[in-house]
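There are 2 protein chains.
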Amino acid sequence: MTGIAAQVYDPLMRVPFDVLHAALRRVLEKIGFTADRADLCARLFAEASRDGVASHGLNRFPRFLDTIRNGVVDIHAEPRRVARLGAGALERWDGQRGPGNLNAHRCMHEAIARSREHGIGGIALANTNHWMRAGSYGWQAAEAGVIGVCWTNTMPNLPPWGAAEARLGNNPLVIAVPRPDGHVVLDMAMSQFSYGALASYRMRGEMLPVVGGFDESGELTRDPAAIEASWRPLPIGFWKGSGLALMLDLVAALLSGGQATHQLSATPEKETGVSQVFLAFDVTSLNAPGSGPGAATSLVDQVIAHLHAPLRDGGRVRYPGERTLGIRRESLANGVPVDPAIWESVQNLQV
Amino acid sequence: MTGIAAQVYDPLMRVPFDVLHAALRRVLEKIGFTADRADLCARLFAEASRDGVASHGLNRFPRFLDTIRNGVVDIHAEPRRVARLGAGALERWDGQRGPGNLNAHRCMHEAIARSREHGIGGIALANTNHWMRAGSYGWQAAEAGVIGVCWTNTMPNLPPWGAAEARLGNNPLVIAVPRPDGHVVLDMAMSQFSYGALASYRMRGEMLPVVGGFDESGELTRDPAAIEASWRPLPIGFWKGSGLALMLDLVAALLSGGQATHQLSATPEKETGVSQVFLAFDVTSLNAPGSGPGAATSLVDQVIAHLHAPLRDGGRVRYPGERTLGIRRESLANGVPVDPAIWESVQNLQV
Numbered sequence: 001m002t003g004i005a006a007q008v009y010d011p012l013m014r015v016p017f018d019v020l021h022a023a024l025r026r027v028l029e030k031i032g033f034t035a036d037r038a039d040l041c042a043r044l045f046a047e048a049s050r051d052g053v054a055s056h057g058l059n060r061f062p063r064f065l066d067t068i069r070n071g072v073v074d075i076h077a078e079p080r081r082v083a084r085l086g087a088g089a090l091e092r093w094d095g096q097r098g099p100g101n102l103n104a105h106r107c108m109h110e111a112i113a114r115s116r117e118h119g120i121g122g123i124a125l126a127n128t129n130h131w132m133r134a135g136s137y138g139w140q141a142a143e144a145g146v147i148g149v150c151w152t153n154t155m156p157n158l159p160p161w162g163a164a165e166a167r168l169g170n171n172p173l174v175i176a177v178p179r180p181d182g183h184v185v186l187d188m189a190m191s192q193f194s195y196g197a198l199a200s201y202r203m204r205g206e207m208l209p210v211v212g213g214f215d216e217s218g219e220l221t222r223d224p225a226a227i228e229a230s231w232r233p234l235p236i237g238f239w240k241g242s243g244l245a246l247m248l249d250l251v252a253a254l255l256s257g258g259q260a261t262h263q264l265s266a267t268p269e270k271e272t273g274v275s276q277v278f279l280a281f282d283v284t285s286l287n288a289p290g291s292g293p294g295a296a297t298s299l300v301d302q303v304i305a306h307l308h309a310p311l312r313d314g315g316r317v318r319y320p321g322e323r324t325l326g327i328r329r330e331s332l333a334n335g336v337p338v339d340p341a342i343w344e345s346v347q348n349l350q351v
Numbered sequence: 001m002t003g004i005a006a007q008v009y010d011p012l013m014r015v016p017f018d019v020l021h022a023a024l025r026r027v028l029e030k031i032g033f034t035a036d037r038a039d040l041c042a043r044l045f046a047e048a049s050r051d052g053v054a055s056h057g058l059n060r061f062p063r064f065l066d067t068i069r070n071g072v073v074d075i076h077a078e079p080r081r082v083a084r085l086g087a088g089a090l091e092r093w094d095g096q097r098g099p100g101n102l103n104a105h106r107c108m109h110e111a112i113a114r115s116r117e118h119g120i121g122g123i124a125l126a127n128t129n130h131w132m133r134a135g136s137y138g139w140q141a142a143e144a145g146v147i148g149v150c151w152t153n154t155m156p157n158l159p160p161w162g163a164a165e166a167r168l169g170n171n172p173l174v175i176a177v178p179r180p181d182g183h184v185v186l187d188m189a190m191s192q193f194s195y196g197a198l199a200s201y202r203m204r205g206e207m208l209p210v211v212g213g214f215d216e217s218g219e220l221t222r223d224p225a226a227i228e229a230s231w232r233p234l235p236i237g238f239w240k241g242s243g244l245a246l247m248l249d250l251v252a253a254l255l256s257g258g259q260a261t262h263q264l265s266a267t268p269e270k271e272t273g274v275s276q277v278f279l280a281f282d283v284t285s286l287n288a289p290g291s292g293p294g295a296a297t298s299l300v301d302q303v304i305a306h307l308h309a310p311l312r313d314g315g316r317v318r319y320p321g322e323r324t325l326g327i328r329r330e331s332l333a334n335g336v337p338v339d340p341a342i343w344e345s346v347q348n349l350q351v
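Those protein sequences? They're chains A and B, same order as listed.
Under our numbering, read the first sequence as residues 1 to 351, first letter to last.
Under our numbering, read the second sequence as residues 1 to 351, first letter to last.
Check the hints yourself; a few may be wrong.
[Unchecked claim] Among chain A residues calculated to face chain B with C-beta under 7 Å, some are:
1) 117
2) 253
3) 346
[As the list claims (entries may be wrong)] Simulated DEER-style distance windows between Cβ atoms:
4) 340/A <-> 82/B: 54 to 62 Å
5) 305/A <-> 215/B: 24 to 32 Å
6) 26/A <-> 195/B: 51 to 59 Å
7) 316/A <-> 203/B: 34 to 42 Å
8) 62/A <-> 82/B: 47 to 55 Å
9) 295/A <-> 334/B: 50 to 58 Å
10) 229/A <-> 205/B: 31 to 39 Å
11) 325/B <-> 345/A: 47 to 55 Å
12) 332/A <-> 269/B: 47 to 55 Å
Just so you know, the hints here were simulated from the structure itself, not pulled from any lab data.
The beta-carbon is built from N, C-alpha and C at its ideal position, and this holds for glycine as well.
Given only the sequences and the hints, what does the whole structure look like? Please build it.
Here it is as C-alpha cells:
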C-alpha cells in the first residue's frame, strides 16, 4: 500500500551495510561526535538507505553535514527532560538543537520505557532538528515489542487545500505495530508525493500514477515537473490531509511547548527548532502470551492474512512496511544501493 | 478545509434545538432508557444535526432504534473498566454492547479525567457499538480544555488500495484542540467521500469536486452514482489512507483486546463489537495561563491567524471545525434543519 511513494533507488552500485555504516561513522567521529553517538547517528542514516529511503539516508548525509557547519545542528547537544506530568506517563523534553535523529531516537527510547511502566508513554520534544527518516522511530518501537506513534512538524512547505502558498508543514506521521514475521509500519508525510518522488518520476520520464499536485495555472495534474515548478504538491485526501497536517502541527507544538510550523524558517538549510511527539503503548501484560487465539501476535497475523487473502482479480494488497522488508532483505543480501557520486564524495570527505 | 465533505442539510424545515432534543429524549425514555441516559443519548443525536451532520443525527435515529429492537444494542448496558496499567494512564474498558454514543462519551470522559492526573489519559474500549458522529467526542475533549484524539474501527466497508473487495474499515479519526474562539476539530473518515456525501451529490445532479472512487470498470471517477454502484470509494490519499485505515484498526483492536475489522459483521444493521481508542492530553499546567506570548491559547490563535491570512488570490482557507461552528450558530439562531418526513416519523413513533 505504501509502495508507490517509496523511493526505490536504482541500484547502480551496492555496498555492504557494514561498510556504509562504518564510512558514515568515521566521518562523524572525525568531526567530533563521541564514538557512541557517531555509531548510532551513522546507523540511522545507513538503515534508511538499507530500507530504500536513500533520500533520508546516504543522499541526505552531505546536507546533514552542512547543517552542522552552519550551526543549525549542535553535535554535542543532548536532549534533556524539562517537565514531567503526574507519575511520568507524559514528559516534555528540550532537544537543545542536537542532531535530529539522535534526539528522536532517544525520545522514542524514553517513550518506550514509560510505556513499560504506565501502559502508555508520551514524550513531547521541542527545539530539535530534522529527524531524517520518520519511519526509523516506528521500527524502533516495533523492535522493542510496543506500538509506536510519532510525528514531527516541519517548516511551511505544503499549501493548504484551497491555497497556493505553503502555510502547512508536510508533517510525517508514523504508526508502528510489532509483528514477529515483519512489523507493520506506516510512515507517511502529508503530501501525496514527496519532492524526491516527483523528481524520480520526472527523471524516468513518467507521469504520476494519480494526481499529485497543481500546475502553475492551478489545475490538478499528474505531471511531476509541473508540480515541481508550481511548488504546489497535493495534500493526501485533498482537504482531509490539509486538516490533518494542521492538527499534527498544533498538537506537537502544544505538547512540547515548542514552535509551530509558521514560526519555522522556510529556508530548508535553516529549518530548526521543530516540535515532535513520541507515543508508545505497551499492552503486553494484558494480552495472552504466545500465538494462541487471544494473543496480540495472533490478531495482527490474522489481520494481515485477511489483507493478503487472494483477490478475485488475482491481485495482492501489501501492508505498510511489507515492501520495506523486502528491500531490506535484498540490501542485506546484496549490498545497500548507493549513488556512486555521493558514496565517493562521502568516502573522500575532508572534514 | 473540511468543507466539501460536510453534509450540509438543505433546510426544508427547521426546529428549535431544544424541541429536537426533547423529542428524541422522549422516545428513548419510552423504550426504557433511564432519564439521564436518555437525555445524553438524545443530546448527542440532536447536536449532530445541529452541527450539520444529520446523517449521524436525526437521520440515523430510526436505524439506531432498529439496532435496539434487533438486540445489537443493549440500552441498559454500561461500560466497565476491565484493566488498568501502571498508575492508570491507560485503561481497558468493555462496552458490553451498550449504546455506542453513551459508551464513547463515557470513555472520553474517563480519558479526560486520567489526563488531568497524568498529562495523558488513554481508554481503549472493546465490545461497543457504532458511536454515531465521531466528532462528538473531539468536541467533548476540547470543551473540557484538553487535546482529544479518538478513533473507532468499523465493519469492512472500504477496499484497500489495489483491491475491489472491502477489507478495511472506513475508520474515522478525530483530533481536537481547544481554542476559546472556536475549537479546532478534525473529524475524518478514511474514505474521500462518505456514502451519504455521494448520495447528496447524486441527488443534486453534481459531479464530485475531485475523484472519489472507482467505477465498475475500475477507473477512477468523479461520478457519485458510479461509485455507489461499484461499492469502491477511494481511501484518502490512495495508498496512504488505505495504510492509515489498517493501522487504526490494528491499534484499536490490540489496545482494547477487542475485535478487528475482519471479525465484524459486514451487514450494517448487525455491525457490533467494534473497538475504539480515546486519548486525552492535558498540558495546561505546563503552559503559561491566559493569552500572553507563552500561552497555549495564544499559540493556537497564531496558527489559525496564519492560516487565515489573506491569500494572494483573495481566497480564504478554513480550519477544521470552522464550518461546523458556523452551521451550529445558524442552527441555534434559526432552528436545526430537519428532514420533514423523518422528523414527523420520530414524533409519531409508537414504541
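Hint check results:
1. 117: Result: holds, 5 Å to nearest chain B Cβ.
2. 253: holds (6 Å)
3. 346: Since the shortest Cβ distance to chain B is 32 Å, the answer is violated.
4. 340/A <-> 82/B: 54 to 62 Å: holds (58 Å)
5. 305/A <-> 215/B: 24 to 32 Å: holds (30 Å)
6. 26/A <-> 195/B: 51 to 59 Å: Taking Cβ atoms as reference, residue 26/A and residue 195/B lie about 58 Å apart, which means the hint holds.
7. 316/A <-> 203/B: 34 to 42 Å: Holds - the Cβ-Cβ distance for residue 316/A and residue 203/B, about 37 Å, lies within 34 to 42 Å.
8. 62/A <-> 82/B: 47 to 55 Å: At roughly 53 Å between Cβ atoms, residue 82/B and residue 62/A fall inside 47 to 55 Å, so the hint holds.
9. 295/A <-> 334/B: 50 to 58 Å: holds (55 Å)
10. 229/A <-> 205/B: 31 to 39 Å: holds (36 Å)
11. 325/B <-> 345/A: 47 to 55 Å: holds (54 Å)
12. 332/A <-> 269/B: 47 to 55 Å: Since residue 332/A and residue 269/B have Cβ atoms about 50 Å apart, the given range 47 to 55 Å holds.
This entry does not satisfy hint 3, going by the numbered hints stated previously; all others are met.
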